[in-house]
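Just need the whole structure built from these sequences, with the hints factored in.
Mapping the sequence shown onto full-length UniProt numbering, position 187 (from 1) lands on 187, and the numbers just tick up by one.
One or more of the hints may lead you astray.
What the hints assert, rightly or not - The calculated label-pair distances, taken between Cβ atoms and stated as ranges, are: (1) K137 / A191: 33 to 41 Å; (2) A149 / A172: 32 to 40 Å; (3) A191 / G126: 13 to 21 Å; (4) R62 / A172: 31 to 39 Å; (5) P187 / P73: 18 to 26 Å; (6) G126 / N162: 18 to 26 Å; (7) N162 / G127: 17 to 25 Å; (8) H86 / Q188: 28 to 36 Å; (9) R62 / N162: 35 to 43 Å; (10) G177 / E148: 35 to 43 Å; (11) Q151 / R64: 32 to 40 Å; (12) E169 / G74: 32 to 40 Å.
No wet-lab data here; the hints were simulated from the structure.
Quick caveat: nothing in here was measured; it's all calculated off a predicted structure.
Even glycine gets a Cβ: it sits at the ideal position worked out from N, Cα and C.
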Amino acid sequence: MHKRLSDITGVVLVGGKSRRMGQDKAFLAVEGVPVIERILLALQGCFEHLLLVGDRPERFARYRLQVVPDSYPGSSLGGLYTGLQHAETDLIFVSSCDIPFPDPELIRLICAASASCDAVVPATAGGPEPLFALYRKSCLPLMQAALEAGQYRINAVLGQLNVRTIAPEQLAKLDPGGRALLNINTPQEYAACRLET
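The following block contains the structure:
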């Protein structure tokens with residue numbers, strides 16, 4: 001049994017508009033369980049503190065967690081910035097709300113690599129996955145500058161931070177099927193993900 005970490009806050013970004021999906025991705029059921037609940041279950045096993053970032057807190061009232069409104073609505077960088085800003089810990093582990101198979105072992109691996117860097121980001125063959133990653137409050141000034149300049153892409157900020165990358169080969173050892181970082185953005189991806197289960 002792993003001990004839950006008290007020095008890292010688990011943050012779930014729930015403010016997306018789900019335009020491509022056409023319905024709220026957080027509440028799509030996979031194996032009969034809404035994606036948001038699958039993510040919360042994984043994070044609750046890893047962290048003592050959890051925080052949701054997004055608007056319309058009434059949608060998530062049943063989970064009895066703090067929901068903070070996004071300082072820069074509609075952008076994932078804004079959600080990440082808001083989570084870092086409101087967390088009481090120096091470190092946060094962030095997840096988007098569209099990852100149906102979050103792996104607690106991968107979360108712990110990412111968190112264990114946090115020493116002397118601003119962020120720890122896993123990378124697949126397709127590139128970095130900055131919305132299932134670890135960030136330190138030292139990222140806040142650069143994030144704020146980018147947001148105030150109208151730059152809302154996380155990858156633009158990552159290039160200026162001291163980032164430790166979890167390489168695809170390392171990920172493959174832990175998650176040979178590549179399911180842990182799968183995210184669902186379209187009805188086609190949702191259908192494919194349900195076929196996998």
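Hints, one by one, checked against the model:
no.: 1; hint: K137 / A191: 33 to 41 Å; in the structure: holds (39 Å)
no.: 2; hint: A149 / A172: 32 to 40 Å; in the structure: holds (37 Å)
no.: 3; hint: A191 / G126: 13 to 21 Å; in the structure: holds (20 Å)
no.: 4; hint: R62 / A172: 31 to 39 Å; in the structure: holds (36 Å)
no.: 5; hint: P187 / P73: 18 to 26 Å; in the structure: holds (24 Å)
no.: 6; hint: G126 / N162: 18 to 26 Å; in the structure: holds (23 Å)
no.: 7; hint: N162 / G127: 17 to 25 Å; in the structure: holds (19 Å)
no.: 8; hint: H86 / Q188: 28 to 36 Å; in the structure: holds (35 Å)
no.: 9; hint: R62 / N162: 35 to 43 Å; in the structure: holds (38 Å)
no.: 10; hint: G177 / E148: 35 to 43 Å; in the structure: holds (41 Å)
no.: 11; hint: Q151 / R64: 32 to 40 Å; in the structure: holds (35 Å)
no.: 12; hint: E169 / G74: 32 to 40 Å; in the structure: holds (35 Å)
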